[in-house]
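We have chain W; now place chain G onto it with these hints.
Each chain, written out:
2 protein chains.
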Amino acid sequence: MARTEIRIGGFGGQGVILTGYVIGKAASLYDNKNATMTQSFGPEARGSACSSQVVISEGAILNPYVRHPTVMVIMSQEAFTKFAPRLDPEGMMIIEEELVDPQGLPPTVKVLGIPATRIAEGLGRKVVLNMVMAGFFTAVTGLVSREAMRKAVETSVPKGTEELNLRAFEKGYEYGLSKARA
Amino acid sequence: MARTEIRIGGFGGQGVILTGYVIGKAASLYDNKNATMTQSFGPEARGSACSSQVVISEGAILNPYVRHPTVMVIMSQEAFTKFAPRLDPEGMMIIEEELVDPQGLPPTVKVLGIPATRIAEGLGRKVVLNMVMAGFFTAVTGLVSREAMRKAVETSVPKGTEELNLRAFEKGYEYGLSKARA
Chain W
458 MARTEIRIGG
468 FGGQGVILTG
478 YVIGKAASLY
488 DNKNATMTQS
498 FGPEARGSAC
508 SSQVVISEGA
518 ILNPYVRHPT
528 VMVIMSQEAF
538 TKFAPRLDPE
548 GMMIIEEELV
558 DPQGLPPTVK
568 VLGIPATRIA
578 EGLGRKVVLN
588 MVMAGFFTAV
598 TGLVSREAMR
608 KAVETSVPKG
618 TEELNLRAFE
628 KGYEYGLSKA
638 RA
Chain G
458 MARTEIRIGG
468 FGGQGVILTG
478 YVIGKAASLY
488 DNKNATMTQS
498 FGPEARGSAC
508 SSQVVISEGA
518 ILNPYVRHPT
528 VMVIMSQEAF
538 TKFAPRLDPE
548 GMMIIEEELV
558 DPQGLPPTVK
568 VLGIPATRIA
578 EGLGRKVVLN
588 MVMAGFFTAV
598 TGLVSREAMR
608 KAVETSVPKG
618 TEELNLRAFE
628 KGYEYGLSKA
638 RA
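Chains as they are written, first to last, in this note's numbering: chain W, 458 to 639; chain G, 458 to 639.
Isolated chain W, as found in the complex:
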């Protein structure tokens, strides 16, 4: 893996930035790769779709900007509309399947969906949908290890919410494994 560019998109309040942060932290601090997370506030940041960009690389990262993402994690239709055109045609589109209708993608894109909000609600806290997405991402991409992600989640979420967030992560991870086997 030379360099993998990931874009995470959704609306404010879904935890888009924490998701990117946890993935970057897992890759670098626990999986011993290099990672950066960038938040740009250009014209594309105006409007309610927000996003964070993560680069993971075995080597040094000279440019942290994401130009040709091969993986997207998308949690709202507006974010899909805004960011999907930049996805690599051979890339992977991971969606919150009850919030995103993935229209107009090239047939070569691999689309993987999960009802993350509903799963999070089942755990009693809709707000952990981002950790459900993060678990799903971990299982279906293999870009970061499950153990590294668990440590990153544990050390990044607010004190007192570690267990809830890890449960959400595991739910997403299991769902991803079952999809991978299907």
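I should point out that these hints are in silico values taken from the structure, not numbers from a laboratory. Please note that a few of the clues may not be correct.
To be verified - One-sided and incomplete, this derived list gives chain G residues near chain W with beta-carbon spacing under 7 angstroms: (1) Phe468; (2) Gly481; (3) Asn489; (4) Ala492; (5) Met494; (6) Thr495; (7) Gln496; (8) Ser497; (9) Pro521; (10) Arg524; (11) Thr527.
Said to hold, decoys possible - Rough simulated footprint, nothing fancy, chain G against chain W, three-plus residues with beta-carbon under 8 angstroms: (12) 481-487; (13) 607-620; (14) 627-636.
Glycine is no exception: its CB is placed at the ideal position from the N, C-alpha and C atoms.
Only chain G this time, still in chain W's reference frame:
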């Protein structure tokens, strides 16, 4: 203002990343400048001091990495030890004054302190110390406008906590104004 580089540092749980996010958002979405926020997870990210880097510029930002910060916002001694040596000798060091002892800085650095944690506790929630710091930063640097920051805070914090965070912001802002007049 060609390009201003800012580093925000502290320990996990102090809201270092949200602080950088709010400053970047205020500068770009509401003050019509350009801004980026970068989180790097290199060797310097190991350990408990965490940081976020913000670049504000009137022009395009070609490189979002912060190499010569002119402003630092530091909330822990470990972050001070780690990041202070990189501060521009003519720069400004903004500290949580009860958590940071700013030793060894060149005499040309301007040091400005605020007891942000104590002020946040006075509002009933220690966790808003980062918004107290953000308000103080706004008053003493003038890099972002108060109105832009208020809008950025309001649209970035968890739903239901807007009022508390804005109160914390205003407390820090007022404290900064009184220091500026002193």
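request  = If any of the earlier hints don't hold here, list their numbers in rising order.
outcome  = The structure conflicts with hints 1, 3, 10, 11, 14, although it agrees with all the remaining ones.
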